[in-house]
Amino acid sequence: MDENSTLNNLILYYFNELGMTDSVLTQQAIDSNFLVHEEFEMLKETIGTIQSVEIEPAEKSICSILAYSKSLS
Amino acid sequence: MQTAQISDNELIVSYLQGNESALSELVKRHKRKIFTSIYMLVRNRELAEDIFQDTFIKVINTLKAGNYHEEGKFLPWVSRIAHNLVIDHFRKQKRMPLSHDTEEYSIMDNIRFKDDNVQDRMIKQQIHDHVKQLIEELPDEQREVVLMRIYGNLSFKEIAEATNVSINTSLGRMRYALINLRRIIKEHNIVLTN
Numbered sequence: 001m002d003e004n005s006t007l008n009n010l011i012l013y014y015f016n017e018l019g020m021t022d023s024v025l026t027q028q029a030i031d032s033n034f035l036v037h038e039e040f041e042m043l044k045e046t047i048g049t050i051q052s053v054e055i056e057p058a059e060k061s062i063c064s065i066l067a068y069s070k071s072l073s
Numbered sequence: 001m002q003t004a005q006i007s008d009n010e011l012i013v014s015y016l017q018g019n020e021s022a023l024s025e026l027v028k029r030h031k032r033k034i035f036t037s038i039y040m041l042v043r044n045r046e047l048a049e050d051i052f053q054d055t056f057i058k059v060i061n062t063l064k065a066g067n068y069h070e071e072g073k074f075l076p077w078v079s080r081i082a083h084n085l086v087i088d089h090f091r092k093q094k095r096m097p098l099s100h101d102t103e104e105y106s107i108m109d110n111i112r113f114k115d116d117n118v119q120d121r122m123i124k125q126q127i128h129d130h131v132k133q134l135i136e137e138l139p140d141e142q143r144e145v146v147l148m149r150i151y152g153n154l155s156f157k158e159i160a161e162a163t164n165v166s167i168n169t170s171l172g173r174m175r176y177a178l179i180n181l182r183r184i185i186k187e188h189n190i191v192l193t194n
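In order, the protein sequences belong to chains U and H. If you're matching positions, the first sequence starts at 1 in our numbering and goes up one per residue. If you're matching positions, the second sequence starts at 1 in our numbering and goes up one per residue.
The set of hints was computed from the structure by calculation and includes no laboratory data. Any given hint could be a false lead.
[As the list claims (entries may be wrong)] Dumping the calculated EDC-like pairs for lysine to aspartate or glutamate here, alpha-carbon to alpha-carbon at most 16 angstroms: (1) Lys28(H) with Asp8(H); (2) Lys31(H) with Glu45(U); (3) Lys31(H) with Asp54(H); (4) Lys132(H) with Glu54(U); (5) Lys64(H) with Glu10(H); (6) Lys186(H) with Glu17(U); (7) Lys186(H) with Glu41(U); (8) Lys73(H) with Glu17(U); (9) Lys58(H) with Glu70(H); (10) Lys70(U) with Glu25(H); (11) Lys31(H) with Glu56(U); (12) Lys31(H) with Glu49(H); (13) Lys58(H) with Asp88(H); (14) Lys73(H) with Glu137(H); (15) Lys70(U) with Glu20(H); (16) Lys60(U) with Asp54(H); (17) Lys73(H) with Asp8(H); (18) Lys132(H) with Asp54(H); (19) Lys31(H) with Glu59(U); (20) Lys186(H) with Glu137(H); (21) Lys186(H) with Glu39(U); (22) Lys60(U) with Glu158(H); (23) Lys31(H) with Asp50(H); (24) Lys73(H) with Glu20(H); (25) Lys28(H) with Glu56(U); (26) Lys28(H) with Glu49(H); (27) Lys157(H) with Glu17(U); (28) Lys60(U) with Asp50(H); (29) Lys132(H) with Glu41(U); (30) Lys64(H) with Glu20(H); (31) Lys60(U) with Glu187(H); (32) Lys28(H) with Glu59(U); (33) Lys28(H) with Glu54(U).
[Stated by the list, open to error] Partial pick of chain H residues on the chain U-facing surface, computed with a CB cut under 10 angstroms: (34) Arg32; (35) Lys64; (36) Phe90; (37) Met174.
[As the list claims (entries may be wrong)] Far from chain U, some chain H residues (derived; all Cβ distances over 12 angstroms): (38) Asp54; (39) Asn84; (40) Ala162.
Note that CB positions come from ideal geometry on N, CA and C, so glycine has one too.
Start from the sequences, fold in the hints, and give me the full structure.
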């Protein structure tokens with residue numbers, strides 16, 4: 001398996017988009033291969049870094065949405 | 001009502017039965033992910049607020065018209081609507097986003113970290129600029145896939161359909177994005193603290 005397809009599989013595995021058989025094989029690779037394990041840890045860390053930031057919309061926007069809905073009822 | 005334990009679908013049913021607070025809970029539950037993905041694409045606070053409102057107005061109209069058929073996939077569905085509105089906007093403008101926040105109206109004012117611990121927040125505040133910057137440094141197509149997958153919870157198949165490319169292309173863009181992000185993280189010496 002080349003580097004790209006390993007990373008592709010790890011990405012799909014992380015997001016639960018692999019079929020059952022490929023999931024099992026990928027988990028086995030993570031458990032048994034140090035390089036794959038390190039790759040997966042880096043992948044989790046990178047995605048975790050992105051997920052650590054969330055931006056809040058203005059309260060005014062929320063109020064406008066809810067007011068629009070009420071105006072229809 | 002224990003709203004945290006109620007599924008999105010149950011909230012939708014409740015809303016369609018006239019319970020306005022169910023909509024309020026749906027918005028509250030998903031507002032940050034939706035808004036973050038819109039903002040990171042358009043990179044302009046005012047425009048992001050407009051598209052965010054338009055997104056939920058479209059959501060409300062579709063729900064009220066009885067045309068919602070995405071049971072169990074509310075967030076990906078709303079993300080697709082938001083993404084389409086972003087694309088529509090830039091199609092009208094005939095250009096990709098270039099504008100950024102002004103200093104006096106900084107996105108920093110409304111940034112929220114998931115971890116509410118005060119000490120963690122102080123540390124994370126320091127890395128926030130870098131994280132936001134590193135996402136913005138990605139090429140448009142890679143940034144789009146990252147935001148749709150991580151914030152919008154769309155599968156790679158759904159992203160491929162929404163962006164008119166193959167699944168392999170959308171997966172490849174994600175792969176390049178993660179490689180780029182890792183490189184930028186290393187260059188900026190960003191350390192994740194959680």
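Comparing the hints with the structure gives:
For a cut-off of 16 angstroms, the pair hint linking lysine 28(H) to aspartate 8(H) stands: about 12 angstroms separates their Cα positions. A C-alpha spacing of about 24 angstroms is found between lysine 31(H) and glutamate 45(U), which places the hinted pair above 16 angstroms, so the restraint is violated. With a C-alpha separation of about 13 angstroms, the suggested pairing of lysine 31(H) with aspartate 54(H) holds against the 16 angstroms cut-off. Restraint check for lysine 132(H) and glutamate 54(U): satisfied, since their Cα atoms lie roughly 10 angstroms apart, inside the 16 angstroms limit.
About 15 angstroms separates the Cα atoms of lysine 64(H) and glutamate 10(H), which keeps this hinted pair within 16 angstroms; it holds. For the suggested pair lysine 186(H) and glutamate 17(U), the alpha carbons sit about 28 angstroms apart, so the restraint of at most 16 angstroms is broken. Taken as a hint, the lysine 186(H) and glutamate 41(U) pair is honoured in the structure, with Cα atoms around 15 angstroms apart against an allowance of 16 angstroms. A C-alpha spacing of about 15 angstroms is found between lysine 73(H) and glutamate 17(U), which places the hinted pair at or below 16 angstroms, so the restraint holds.
Only pairs whose Cα atoms come within 16 angstroms are accepted, and lysine 58(H) paired with glutamate 70(H) is accepted, the gap being roughly 15 angstroms. Under the criterion of a C-alpha separation no larger than 16 angstroms, the hint pairing lysine 70(U) with glutamate 25(H) is consistent with the structure, at around 14 angstroms. Proposed proximity of lysine 31(H) and glutamate 56(U) is supported: the alpha carbons are some 7 angstroms apart, at most 16 angstroms. For the suggested pair lysine 31(H) and glutamate 49(H), the alpha carbons sit about 11 angstroms apart, so the restraint of at most 16 angstroms is met.
For the given pair, lysine 58(H) sits about 14 angstroms from aspartate 88(H) by alpha-carbon distance, which is consistent with the 16 angstroms threshold. A hinted pair counts as satisfied when its Cα atoms are at most 16 angstroms apart, and lysine 73(H) with glutamate 137(H) does not qualify at roughly 30 angstroms. Of the supplied pair hints, the one linking lysine 70(U) and glutamate 20(H) holds, its CA atoms being roughly 7 angstroms apart against a limit of 16 angstroms. In summary, the hint linking lysine 60(U) to aspartate 54(H) is supported, as the alpha carbons are separated by about 13 angstroms, within the 16 angstroms threshold.
Of the pairs offered as hints, the one joining lysine 73(H) and aspartate 8(H) holds, with about 8 angstroms between alpha carbons and a cut-off of 16 angstroms not exceeded. Restraint check for lysine 132(H) and aspartate 54(H): the C-alpha separation of about 24 angstroms exceeds 16 angstroms, so the hint is violated. Restraint check: the Cα-Cα separation between lysine 31(H) and glutamate 59(U) comes to about 11 angstroms, which is no more than 16 angstroms; the hinted pair holds. A threshold of 16 angstroms between alpha carbons decides the hint, and for lysine 186(H) with glutamate 137(H) the separation of about 14 angstroms falls inside it, so the pair holds.
For a cut-off of 16 angstroms, the pair hint linking lysine 186(H) to glutamate 39(U) stands: about 15 angstroms separates their Cα positions. Taking the CA atoms of lysine 60(U) and glutamate 158(H), the gap is near 31 angstroms; set against the 16 angstroms cutoff, the hint is violated. The suggested pairing of lysine 31(H) with aspartate 50(H) holds, with an alpha-carbon distance near 13 angstroms, which does not exceed 16 angstroms. For the suggested pair lysine 73(H) and glutamate 20(H), the alpha carbons sit about 20 angstroms apart, so the restraint of at most 16 angstroms is broken.
About 10 angstroms separates the Cα atoms of lysine 28(H) and glutamate 56(U), which keeps this hinted pair within 16 angstroms; it holds. Distance hint between lysine 28(H) and glutamate 49(H) is fulfilled; the C-alpha atoms sit about 15 angstroms from each other, no more than 16 angstroms. Taken as a hint, the lysine 157(H) and glutamate 17(U) pair is honoured in the structure, with Cα atoms around 10 angstroms apart against an allowance of 16 angstroms. Distance restraint check for lysine 60(U) and aspartate 50(H): the Cα-Cα separation of roughly 11 angstroms lies within the 16 angstroms cut-off, and the hinted pair is therefore satisfied.
Annotation: proposed proximity of lysine 132(H) to glutamate 41(U) is violated, straight-line Cα distance about 21 angstroms (limit 16 angstroms). In summary, the hint linking lysine 64(H) to glutamate 20(H) is supported, as the alpha carbons are separated by about 12 angstroms, within the 16 angstroms threshold. A threshold of 16 angstroms between alpha carbons decides the hint, and for lysine 60(U) with glutamate 187(H) the separation of about 38 angstroms lies outside it, so the pair is violated. About 11 angstroms separates the Cα atoms of lysine 28(H) and glutamate 59(U), which keeps this hinted pair within 16 angstroms; it holds.
Distance check on the hinted pair: lysine 28(H) and glutamate 54(U) sit about 13 angstroms apart at the alpha-carbon level, within 16 angstroms; holds. Interface hint status for arginine 32(H): upheld, as the beta-carbon distance to the closest one in chain U is roughly 4 angstroms, under 10 angstroms. Interface restraint check: lysine 64(H) against chain U, minimum CB-CB distance 6 angstroms, threshold 10 angstroms, status holds. A least Cβ separation of about 20 angstroms between phenylalanine 90(H) and chain U goes past the 10 angstroms threshold, and the interface hint is therefore violated.
The criterion of a C-beta within 10 angstroms of any C-beta in chain U is met by methionine 174(H), whose closest approach is roughly 6 angstroms, and the hint holds. Non-interface status of aspartate 54(H) relative to chain U is broken: a Cβ of that chain comes within 12 angstroms, the nearest being about 10 angstroms off. No Cβ of chain U approaches the Cβ of asparagine 84(H) within 12 angstroms, the least distance being about 18 angstroms, so the stated non-interface status holds. Separation of alanine 162(H) from chain U is adequate, the least Cβ-Cβ distance of about 15 angstroms exceeding the 12 angstroms criterion.
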